[in-house]
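**Q** So my numbering is basically just the index in the sequence shown, starting at one, shifted up by 46.
Keep in mind the hints are simulated off the structure, nothing from the lab. Please read these numbers as outputs of a predicted model, since none were measured by experiment. Positions of the beta carbon are idealized from the N, C-alpha and C atoms, including for glycine. Do not rely on the hints blindly, as some may be mistaken.
Computed spacing ranges between beta-carbons, pair by pair [said to hold, decoys possible]:
{"no.": "1", "residue 1": "G113", "residue 2": "Q70", "range": "33 to 41 Å"}
{"no.": "2", "residue 1": "A111", "residue 2": "H75", "range": "36 to 44 Å"}
{"no.": "3", "residue 1": "E93", "residue 2": "R48", "range": "35 to 43 Å"}
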Amino acid sequence: MRNLREIRQAYEENYRQMLEVIQQMGGDHQIKFHRSRKTALYRRLKELQRREHHLDQLENRLRAAKGLLH
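I would like the entire structure built from these sequences, with the hints used as guidance.
**A** Put into structure tokens, the structure is as follows:
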């Protein structure tokens with residue numbers, strides 16, 4: 047990903063997928079149940095959360111690099 051727009055688009059798509067997984071779980075009040083059972087939906091949610099963290103890091107690095115270039 048080369049620019050902030052691409053990162054933000056990926057972030058939005060990732061967030062949409064997280065909401066879908068939570069909905070499939072039965073709502074946010076069911077996350078604890080799925081975590082205790084280590085379900086496939088919970089594992090998918092954790093994967094999406096890791097991706098969100100990675101995208102945050104990319105955005106911060108890109109912002110810092112742009113700040114240094116100006």
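**Q** Of the numbered hints stated previously, which ones are contradicted by the structure, given in increasing order?
**A** 3
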